[in-house]
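Peer 1: Keeping their order, the protein sequence lines are chains A and B. For the first sequence, position 246 (counting from the first letter as 1) is numbered 246 according to my numbering, and the numbering increases by one without interruption. For the second sequence, position 273 (counting from the first letter as 1) is numbered 520 according to my numbering, and the numbering increases by one without interruption.
For the record, the hints were derived by calculation from the structure and aren't laboratory data. The structure presented is a predicted model; accordingly, all values stated were derived computationally and were not measured. Warning: the hint list may mix true and false statements.
Partner residues aside, some chain B positions facing chain A, computed with beta carbon under 8 Å [said to hold, decoys possible]:
#1 Asp-377
#2 Ala-692
#3 Arg-754
Beta carbons: idealized from backbone N, C-alpha and C, even for Gly.
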Amino acid sequence: MAFTTSAAAEEPENPYTSGIDVRMGQRQFQSKCTSCHGLDATGGEEADGPDLTTGSFQHGSTDADLYEVIRNGVEGTSMRGLRRAEDQEIWQLVAYLRTLSGAVDLASLPGSAAAGRAAFERLDCGSCHMVQGRGGRLGPDLSRVGERRDPDELAEDVTTPDAEVSPRWWTVRITRADGTVVEGLRMGEDTFNLRLMDGEERLLSFAKAAVRSVERILESTMPAEPLSDEERDDLVAYLASLRGNES
Amino acid sequence: MRAVGWGVAALLVLAVQTVTAQDTSGDGMPLLSPVTWERLLNSDDEPNNWLMYHGALHGQRFSRLDEIDRENVGRLELKWAHQIRQLDRNQTTPLVVDGVMFITESPSNVTAVDAATGRAYWRYEHPLPDGIRLCCGRNNRGVAILGETLYMSTNDAHLVAIDARSGSLLWDTEVADHTKGYSKTAAPLVVGDTVVTGVAGGEFGIRGFIDGYDAATGERRWRTYTVPGPGEPGNETWAGDSWRTGGAPTWLTGVYDPELDLIYWGAGNPAPDWNGDLRLGDNLYSSSVLALDRETGKIVWHFQFTPHDVWDWDAIQVPVLADVELNGERRKTMLWANRNAFYYVLDRESGRFLLGAPFALQTWAHGLDESGRPILRENVFPTTEGTRVAPMAGGATNWWSPAYSPRTGFLYVNSFDAEGIYYQRDDEYEEGSIFLGGGHRMPLAADHYRSAIRAIEATTGKIRWEFPITPRTRSGVLATAGGLVWSASVDGYFFALDEETGEPLWRMSLGAAPHASPMSYAVGGEQRIVVAMGNVVFVFGLAEE
Chain A
1 MAFTTSAAAE EPENPYTSGI DVRMGQRQFQ SKCTSCHGLD ATGGEEADGP DLTTGSFQHG
61 STDADLYEVI RNGVEGTSMR GLRRAEDQEI WQLVAYLRTL SGAVDLASLP GSAAAGRAAF
121 ERLDCGSCHM VQGRGGRLGP DLSRVGERRD PDELAEDVTT PDAEVSPRWW TVRITRADGT
181 VVEGLRMGED TFNLRLMDGE ERLLSFAKAA VRSVERILES TMPAEPLSDE ERDDLVAYLA
241 SLRGNES
Chain B
248 MRAVGWGVAA LLVLAVQTVT AQDTSGDGMP LLSPVTWERL LNSDDEPNNW LMYHGALHGQ
308 RFSRLDEIDR ENVGRLELKW AHQIRQLDRN QTTPLVVDGV MFITESPSNV TAVDAATGRA
368 YWRYEHPLPD GIRLCCGRNN RGVAILGETL YMSTNDAHLV AIDARSGSLL WDTEVADHTK
428 GYSKTAAPLV VGDTVVTGVA GGEFGIRGFI DGYDAATGER RWRTYTVPGP GEPGNETWAG
488 DSWRTGGAPT WLTGVYDPEL DLIYWGAGNP APDWNGDLRL GDNLYSSSVL ALDRETGKIV
548 WHFQFTPHDV WDWDAIQVPV LADVELNGER RKTMLWANRN AFYYVLDRES GRFLLGAPFA
608 LQTWAHGLDE SGRPILRENV FPTTEGTRVA PMAGGATNWW SPAYSPRTGF LYVNSFDAEG
668 IYYQRDDEYE EGSIFLGGGH RMPLAADHYR SAIRAIEATT GKIRWEFPIT PRTRSGVLAT
728 AGGLVWSASV DGYFFALDEE TGEPLWRMSL GAAPHASPMS YAVGGEQRIV VAMGNVVFVF
788 GLAEE
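Work out the full structure: start from the sequences and follow the hints.
Peer 2: Spelled out as structure tokens, the structure:
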């Protein structure tokens with residue numbers, strides 16, 4: 001059948017990928033895109049534009065898909081196309097977006113992914129973290145962490161876990177009306193309710209009005225294991241390799 | 248006996264007709280009588296209707312309906328809902344006129360539905376060209392009405408007049424050229440036989456203005472620029488030619504005082520937003536309120552909340568007009584909780600500053616001087632490395648309506664105690680392109696910061712209570728004569744608070760964030776409460792006992 005000769009082969013490749021193109025794309029991004037997608041492209045605080053740094057995009061993740069969305073927008077959403085832009089400007093934007101996510105050359109990292117995987121097992125990271133459907137629930141699922149975090153961020157994550165804790169991984173300590181205390185990870189909090197996962201991975205829901213007090217603990221529950229530089233680099237190499245693939 | 252019986256029946260029919268023709272439906276009675284200027288002037292006297300964006304010319308967003316009160320609010324139930332077809336932000340405040348509701352939809356459409364059932368009469372879709380410049384979504388916040396004609400802003404910067412009975416287009420006037428970055432999102436304001444309206448585009452280096460149009464023909468009667476040109480007072484507050492691209496958009500509906508015959512309207516940020524070096528000076532009338540003469544649009548007075556604004560703190564809030572007692576004297580005042588975190592009381596006759604106090608976290612000013620001008624702290628301007636300042640760019644509050652209750656004397660304001668990091672960048676104006684001169688981000692997730700509905704005592708600026716919200720709110724507030732304050736939060740709750748204490752008395756999880764301000768009306772003698780959340784307009788009323 002004719003169509004099996006691969007649409008991908010016919011998809012245009014980005015002809016503008018040099019360092020200068022990336023910088024021009026960044027300027028375009030800053031002038032045209034940040035009001036919805038945020039200054040660092042991780043999503044708009046006020047205008048709800050999606051995070052563009054994860055490496056996967058809702059409307060297709062090939063260069064051609066990105067070109068199409070930037071050129072023509074997405075019908076029925078706030079994403080409008082840059083219909084009057086030059087081709088080159090759009091390709092430069094695509095080139096810039098590519099630098100925001102997972103474009104790390106794994107071979108260039110100092111550590112060994114295989115050794116990192118061994119360290120991950122030795123340190124029992126899987127008791128809290130899930131990778132490819134195996135592991136615990138008391139820390140972020142790391143199956144695609146290599147797409148979300150760059151190597152510097154991963155190094156910080158493994159050495160100083162308290163440096164940046166997203167509100168999803170805060171601990172909440174609740175004192176019930178009868179004085180008993182429950183702690184758990186903050187799965188959801190709104191004006192009236194709190195939803196937690198406790199240390200035994202049970203889901204708990206509380207009405208704020210029915211408890212005596214609610215205390216937030218902003219530190220990570222992850223132990224800061226002393227790591228040698230080599231272990232750190234190996235772990236980073238392993239985590240950077242986790243991109244939804246079997247590893 | 249028989250003849251008498253018929254007579255009684257005929258009288259009953261007449262009586263029913265008289266009582267219900269204004270606001271019921273389902274019984275075949277005619278609905279939608281013309282909305283005269285007289286009716287708009289006295290809209291407080293017909294609380295079964297919601298005749299303009301703010302509910303009344305004074306902008307208080309207070310409903311005199313009191314059927315739903317603190318005792319029975321627990322019996323609230325969903326009566327019907329209207330789903331909006333476009334997936335976008337839903338910023339509408341519907342109007343209700345004698346049993347017919349007008350709901351605007353993204354991007355620039357309006358639907359007329361039966362206010363009792365939510366079922367449609369007609370729908371008007373405004374055709375839009377490609378390439379419209381919008382900073383913040385394809386929004387529309389509502390229509391205005393005069394006689395039997397609706398007036399609506401469209402994203403391509405037009406003002407359209409639509410027949411309220413049929414949905415037919417009556418006239419279509421281009422207010423500004425959308426390819427230059429102008430757009431329109433706000434409900435117009437009818438004043439006499441003039442339709443007053445503003446523009447958006449502060450992120451595109453437009454030159455803002457407020458216009459008055461002949462309601463019958465759509466011809467422009469006057470235009471008042473919010474950035475004065477050469478030879479006009481205030482032009483000297485813009486270095487060089489920076490006034491040409493000075494922004495100061497006017498993207499929210501203003502108010503009108505019939506006794507003083509003045510229109511009041513807020514103006515937004517100067518352009519570019521974050522690089523003040525490209526527009527040295529106070530940059531009048533950006534981030535200011537203007538008082539305009541009704542007939543000519545001429546500026547009678549102005550008050551600038553944030554001179555030389557480099558934080559994007561548009562004075563795009565509702566000028567709330569209230570007569571209050573200050574130092575033993577009854578004063579005609581304007582109450583204003585600004586995006587810059589200060590609450591202001593102004594004399595609305597002269598524009599003189601009477602009182603000011605912060606109502607939310609702010610780290611940019613030591614306070615206000617006796618003229619109301621901020622006394623700046625050191626190192627608060629954006630830099631290339633970033634400057635951390637509270638409030639964040641979205642503000643301590645924003646365009647979402649506050650509510651003022653004459654029952655309590657409190658101004659109820661949605662507020663956010665967050666910081667932003669402000670960056671300055673070089674920028675060059677290019678017609679029709681984004682012109683920001685920098686950027687902004689929050690240093691921490693919104694969950695780190697406090698957000699609340701706050702009850703500000705109008706005459707002192709003191710916060711009498713607050714209702715904390717997690718993580719924050721993007722909703723306006725409605726106050727009703729049943730002693731209730733209504734608002735919503737981004738976690739998807741719509742709720743009612745006790746006007747005196749802030750105690751939550753009722754809530755419902757509607758599952759999506761609000762971007763609008765609630766309103767109230769009555770149909771068939773029953774009060775309704777309306778809120779737009781997610782892509783839905785929800786209509787609540789009391790369940791039968």
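Peer 1: Now tell me, hint by hint, if it's right for this structure.
Peer 2: Do the hints match the structure? See the list:
At its closest, the beta carbon of B/Asp-377 sits 5 Å from a beta carbon of chain A; the interface hint therefore holds under the 8 Å criterion. At its closest, the beta carbon of B/Ala-692 sits 5 Å from a beta carbon of chain A; the interface hint therefore holds under the 8 Å criterion. A hinted interface residue such as B/Arg-754 counts as satisfied when its beta carbon comes closer than 8 Å to some beta carbon of chain A; here the least separation is about 6 Å, so the hint holds.
In this structure, every one of the numbered hints holds.
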